Amino acid sequence: MYQSDHIREFPLLYRKFTPTQKPAVSPVILQSKEVQPISKWSKIRSGLQDLFMEFCRHSTIHGISHIGSRQRSLFEKFWWAFVFLLSMYGCAKLIDDMYRKWDENPVLVAFDEKATPVWNIPFPAITICPETKIQKNLVNFTDLFLRYAHGDRQGLNRTELNILLASLQLCNEWFFLRPEYDRIYEYFNLSESIVNTLQRISLRLDDIIYHCRLHNVLCKPLFSETITEEGICMTFNGLSSEEMFHKDHLHSDYEYLSETKVSENWTLERGYSSAANLSSYPYRVLGSGYQAGIKVHLMTTKNDLDDYPQVASKFIRVTLNRDIAVAVKPQIISTEAALYDYEPVRRQCYFNRERQLKFFRVYSQPNCELECLTNFTLLLCGCVPYWMPRSSQTRFCETYEIRCALGAQQKLMLLNAQNQIQQQSDKRIKCDCLPACNSIQYDAEITQTMFNFKETIKLRLGPINITYQDIVDNKLLSKLEVYFKDVQFITSKRTEMYGLTDFVASCGGILGLCMGVSLLSLVELLYFSTIRPFMLVKRTVQRQQKVVQVVGPGKKCCYG
Numbered sequence: 009m010y011q012s013d014h015i016r017e018f019p020l021l022y023r024k025f026t027p028t029q030k031p032a033v034s035p036v037i038l039q040s041k042e043v044q045p046i047s048k049w050s051k052i053r054s055g056l057q058d059l060f061m062e063f064c065r066h067s068t069i070h071g072i073s074h075i076g077s078r079q080r081s082l083f084e085k086f087w088w089a090f091v092f093l094l095s096m097y098g099c100a101k102l103i104d105d106m107y108r109k110w111d112e113n114p115v116l117v118a119f120d121e122k123a124t125p126v127w128n129i130p131f132p133a134i135t136i137c138p139e140t141k142i143q144k145n146l147v148n149f150t151d152l153f154l155r156y157a158h159g160d161r162q163g164l165n166r167t168e169l170n171i172l173l174a175s176l177q178l179c180n181e182w183f184f185l186r187p188e189y190d191r192i193y194e195y196f197n198l199s200e201s202i203v204n205t206l207q208r209i210s211l212r213l214d215d216i217i218y219h220c221r222l223h224n225v226l227c228k229p230l231f232s233e234t235i236t237e238e239g240i241c242m243t244f245n246g247l248s249s250e251e252m253f254h255k256d257h258l259h260s261d262y263e264y265l266s267e268t269k270v271s272e273n274w275t276l277e278r279g280y281s282s283a284a285n286l287s288s289y290p291y292r293v294l295g296s297g298y299q300a301g302i303k304v305h306l307m308t309t310k311n312d313l314d315d316y317p318q319v320a321s322k323f324i325r326v327t328l329n330r331d332i333a334v335a336v337k338p339q340i341i342s343t344e345a346a347l348y349d350y351e352p353v354r355r356q357c358y359f360n361r362e363r364q365l366k367f368f369r370v371y372s373q374p375n376c377e378l379e380c381l382t383n384f385t386l387l388l389c390g391c392v393p394y395w396m397p398r399s400s401q402t403r404f405c406e407t408y409e410i411r412c413a414l415g416a417q418q419k420l421m422l423l424n425a426q427n428q429i430q431q432q433s434d435k436r437i438k439c440d441c442l443p444a445c446n447s448i449q450y451d452a453e454i455t456q457t458m459f460n461f462k463e464t465i466k467l468r469l470g471p472i473n474i475t476y477q478d479i480v481d482n483k484l485l486s487k488l489e490v491y492f493k494d495v496q497f498i499t500s501k502r503t504e505m506y507g508l509t510d511f512v513a514s515c516g517g518i519l520g521l522c523m524g525v526s527l528l529s530l531v532e533l534l535y536f537s538t539i540r541p542f543m544l545v546k547r548t549v550q551r552q553q554k555v556v557q558v559v560g561p562g563k564k565c566c567y568g
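Taking this note's numbering, the leading residue of the sequence shown gets 9, the next gets one more, and so forth.
Calculated from the structure, these hints are not laboratory results.
The model shown is predicted, which means the values in this text are computed figures rather than measured ones.
Do not take every clue at face value.
Unchecked claim - Pair by pair, the computed Cβ-Cβ distance ranges are: (1) F86 <-> F542: 27 to 35 Å; (2) S287 <-> R108: 47 to 55 Å; (3) S514 <-> V225: 52 to 60 Å; (4) K462 <-> Q364: 38 to 46 Å; (5) R78 <-> R354: 49 to 57 Å; (6) K462 <-> L154: 33 to 41 Å.
From the three backbone atoms N, C-alpha and C, an ideal C-beta is built for every residue, glycine too.
Using the sequences and the hints, build the whole thing.
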């Protein structure tokens, strides 16, 4: 007990002494009545109550001072407590909604602040696939197919059979829908590479392109051979095989791309470097409009025309005797580096370095989808078509297996649709082909008109060149112009909807509006939760060390 407690307990004893006086007899034996001990939990509860009242008196949070005020009635305190809890709920709800929006849709796609000129991006790659796939003077496809399909297969030699089976792989599904065709195709296999056969019988560059000009420079030699589902095509301004593929994962039977020029001074993420000049690869143009684009005269020999079906794909059809103008509008989207720390599912795109494909060096959504289709076709059919990327352990499909490959493409589209619409999951198709975070696409606006090439050639070449008559009599020409629609365009950019600073500022604004909470209010809360209780406990321990012990009858206690 404290000395003050003794004074209250024995007032008569202490009344006769002044503060400087002591009892006549020392020591004095005191007898006190028994005091009921205070329980530990009561002390803790009382201490917490005092701490809470002190916090209410000093807190800067709105409404708290009314709850702890001794001048407020119980009803007023309950009313202020209700208002405070309601404000806390409103703040928590608003912050939760904001966090969910940030968590589910953290990326905002907006227009860039500055326009981009067309000379800062490459001119689009142009791949030209002729309508006629085979030189008719070398192969009469119609005659070979009719002989093979209607019982005269024994009359075909091995070379003719190889040519027919290779050519059939360029045909559409109509040639593989009839079950009897499957049975007759499987009697024979290709005895040599299908690509070697197609290269031998396909049209040459001089048979496809009559004239080409870019920047007033002849560009016909700039086209290179490309293996596609359309057969042997010609590509301008495309990437090389070294830049496109992981060569160590591909077979070595043939090259998909014959382009050898590399883009040393350009990357998709950074664009052209400061060391790039106007002739750097990939090529670029200096402006917009017809005069700044590429002009190509396509040519077809009349004798090569035949009823030859085409594979369905994305393309612009350049019909005979037509002048086709293609106005290109770039669609470029970039992604801020700050989004790299987000999960790809949250930002809905892949950076090239975080999504590695097996065959392709450059990640893009079309490349990913092609690789996924290749894997699915291999799983279903045990082979892949010749134009799909494959390893040295994977064989290409024979002609009788093309029906399975075409069915695999249709089945994959169906399974993808089911996964998206019905929220199903199929372990066989884990494509996960999100868009690339940095990408360039080209939208096209097409116009066309008649192209009277005969009169044009007579007018321009007739007086000085008498060989033009062969072109007029035996060739069919079309004209293709590709150019940028505008000299500048606006790019799009993926940015953070809320950065960490924006999120904290928004939370602070909500808390300040509804409750008057500031950063110092949080410091006060931390202080009354940690430092202040520690100091009170420390002070109580120090006070207990100065307590005078009071003993019962028969025991001595001395006052100093």
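For each hint, the structure was consulted:
no.: 1; hint: F86 <-> F542: 27 to 35 Å; result: holds, 31 Å
no.: 2; hint: S287 <-> R108: 47 to 55 Å; result: holds, 52 Å
no.: 3; hint: S514 <-> V225: 52 to 60 Å; result: holds, 56 Å
no.: 4; hint: K462 <-> Q364: 38 to 46 Å; result: violated, 54 Å
no.: 5; hint: R78 <-> R354: 49 to 57 Å; result: holds, 52 Å
no.: 6; hint: K462 <-> L154: 33 to 41 Å; result: holds, 34 Å
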